[in-house]
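From first to last, the protein sequence lines are chains A and B. In terms of this note's numbering, the first sequence is residues 1 to 536. In terms of this note's numbering, the second sequence is residues 1001 to 1321.
Among these hints, one or two may not hold up.
Have a look at the derived ranges for each label pair, beta carbon to beta carbon [claimed, not checked]:
1. A:THR204 <-> B:SER1028: 37 to 43 Å
2. A:ASP98 <-> B:THR1046: 28 to 34 Å
3. B:THR1046 <-> A:THR163: 29 to 35 Å
4. A:GLU200 <-> B:LEU1015: 47 to 53 Å
5. A:GLU200 <-> B:ASN1086: 28 to 34 Å
6. A:GLN34 <-> B:ILE1142: 42 to 48 Å
Just so you know, the hints here were simulated from the structure itself, not pulled from any lab data. Because the structure is a prediction, the values reported are computed rather than measured. From the three backbone atoms N, C-alpha and C, an ideal C-beta is built for every residue, glycine too.
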Amino acid sequence: MHSAARAGVAFTAVAVLALTGCAAGASPDTEPTQNEVAPGFLAVSDDAFDGGGELVVQVDYDTAEASGLDPQGAATARSWMLEGLSYETLTTIDENLDVAPSLATSWETPSDTEYVFTLADDAVFSNGRAMTAADVVGSLQRLLDTPTTWTGQLGPITSIEATGDLEVTVTLSEPYAPFLAALANTPAAVLPMAEIESGEVDITTEMVGTGPLVATAHRQDEEWTFEPNEHHPDAASLGFSTLTIDIVGDEATRAAALRDGSADFAVLNSIDSAELLANAKDVTVVGQRNTDFHYLMINSLTGDEALQDQDVRFAINSAIDRDAINELAFGGSTAATGVTPAGLPDACVAADLPSAARDVAAAKAVIDEIGGLELDLVVYTDEPVLAQIAQVMQQNLAEIGVTVEIQQVDYATYSAAVYGSPADFDLALSWFAGYADPAMVTTWWNPEVAGFSAVFMKGSDKLDGLIADGYSTAPGADRAAVFENLCTLADEQSEMVPLVLRPSTLGWNTASLSPTLSSDEGYGNFLRYITQFRAS
Amino acid sequence: MAVALWSLRRIGAALLTLLVVSVLIFTSVRLMPGDYIDLVLGPLATEAQRAQAVAESGLDDPVVAQYFHWLFGVLTGDLGYSFVSNVSVSEEFAARLPVTATIALLTIVVTLLVGIPLGFLAALRSEGSAGAVGRIISALGISIPEFLLAGVVVFTVSTLGLGVSVGRFAPFAVDPGRFFGALVLPVAVLTVGCIAVVARNTRDAVMNVLVEPHVQAAVARGETPWFIVRHHVLRNAAAPILTIVGALVAVLLGGTVIVEFVFDIPGMGSYLQTALGRRDYAIVQSAVLLAAIVFIVASLLVDLLANALDPRLRLTGGSRR
């Protein structure tokens, strides 16, 4: 045999051995671990770990907003996370998804419509100017005056006033339970308003916040470089010298970078990556629970005519086996949810929903009555797990006589089909950010408020009323009862059908990084505890 | 004079083709479902945000006006701006084109250095087991898709720790070592298929020449194989080999998109792929037009060179037989 041929055979053998060897070494329990090392934490950085090195994080896609880097225009979890490295908010959320102090060190609520915030006295923007109450007032007022996606989440604010050098009072027109949680996300960041108003800072191209890091370079879809904000209280104790965020689109390449040490930390979308990395030396893969969740859209307006019938939609809903989705698409690492994300306080219990009884025979009878059904199911390719969920659903629905054709398209095509007017699909899968308060995401079940859902769902006045009640009812048993009714009604109407929570799969190289990661996350910010990361 | 006229005709046809291609590219991109506004603003955007983005992006102009605006820009060296980053497309091309060009150039050089000798070897020893093995390897090389090979290479290299990191690209000006180091694997993946194609076609071209009467006569005269190859085979086989090399440019244009994505190389291919997903029109239109220009120019050069090498082609309109 020629040497070239021998080399070829050897290469093939190595490749095959490597692939099969890894697969053989993987056990069925190689899904991302959710074991806590401390209450509420999947990982806690070790102070003894040698820090001070360059921290390299690989993520799958970059932020891309029409509003550029203006945090108030940030509409996606990736933007919240990236911009959250440079900006801080009045409140934040802790490892239990409870609201916690941040730029506001404390607050009082003299009435259920009044919030008095005491501001930190050591908050300094990265340009060296100390944050003032005027910055807080100006930032929130700017968000109200120039409506963005997040403006509606702030609730019915009637006034924002500086009531002291380090005190700001916000007054609402009526009680609004998610107010503090809404303040905890990046779009509600405190901006250097004096510089913005004078034109000294263009907030759409430059990030000037009180956060721990400063972006010093950015090439779109390629790389971010962050350096410490020397004015931040944690600047002296940071466990790394610089943070580089590489945008690496291919999942296998990110996994390879963890294996060969060229990345310290990486986002992994697929639980299959956990299996592929199971035998990799010095690599740990975890599953961070999120309040985000996957859901099914059933087009009751312009989809197949049969979908206008609530009984048909409910039959489809009740045929879906959430447990099978959890096992087959997520390796058992997630859980079923209702409209209010499972795990948040007062959230409804998915197992108590009408569809959870999963009466396949009853569902089949409904479909048989209309002589069977053929539907398309649209998913987008950027999120591979959607195709896996679609396959499970395809099998579920076949049991009741619904033939499903799965269409995998790129996101632009998906967006045109699902959100275009008229919407051009029967069934479609996507996911919502679940936020940190159970009421917040319920908004999207009101088509008049959500806007985007008006092209494929009718909603109902009763459901809209329950959504409004959820916002205005204080946390506790009363709110839990509202959510239970809300989830039940949405489940019966079956226009947007929550499926399972959407966990984050994250990996890091233990030889080069000691991170801190909470077990749960509400705003997709897996780098929330970045100031505690230590990279060698 | 005849050569000059023939060349001018070919250049004129190339320019006309480019004009037609520009219309096709513009139309195709606009016919794709979904647009930047919906994509980047997302379903939760307000109507005011949507209206502002449409106005700022110029997408509210008539489509014909948008085409002529773009074409005029291209002709004057202004390729427009990315919707997403608001960075000049020309500026991005200037940074990324050398990367892709280096990958393509290295691939072609390695391919020629390896593929042509292999093809000659296979032709001259076509009857033995070496010829059979060569044919199998060629077939394998042609058959294995680049994305699959790239995936296997990424996995193998990172698993076995061969001292080569995947990605970690650095611009040449920043770190020449890392620049070329990051290109080793992408070039290796691309060359596999290219070498197979060139070797296979070189073999066929050489074998076609070997059966020609004047070669057979040379063999009968007892001339040495090396003499026969140098004096009778090389020049006659050059034109078809050159044609294949020209076609390789098209293969490489597609191949670089894949390897740049998999190996995290910030070149034209990965830039185009991301822009395509976002419907970032200025980038997609200009990048595809550039690819068309590269392909048309390469084909033109190949034709001109082939004609210079073999004047008989002019009489047959470009085809040898």
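Hints, one by one, checked against the model:
In this structure the hint that THR204 (chain A) and SER1028 (chain B) lie 37 to 43 Å apart at CB is violated, the actual value being about 32 Å. Checked against the given bound of 28 to 34 Å, the beta carbons of ASP98 (chain A) and THR1046 (chain B), roughly 30 Å apart, stay inside it. A beta carbon spacing of about 31 Å between THR1046 (chain B) and THR163 (chain A) agrees with the range 29 to 35 Å that was offered as a hint. In this structure, GLU200 (chain A) and LEU1015 (chain B) meet the distance hint of 47 to 53 Å, their C-beta atoms being roughly 50 Å apart.
The beta-carbon spacing between GLU200 (chain A) and ASN1086 (chain B), approximately 20 Å, falls outside the hinted interval of 28 to 34 Å. Roughly 46 Å separates the CB atoms of GLN34 (chain A) and ILE1142 (chain B), a value that falls within the hinted 42 to 48 Å.
In this structure, the earlier hints numbered 1 and 5 are contradicted, and the remaining ones agree with it.
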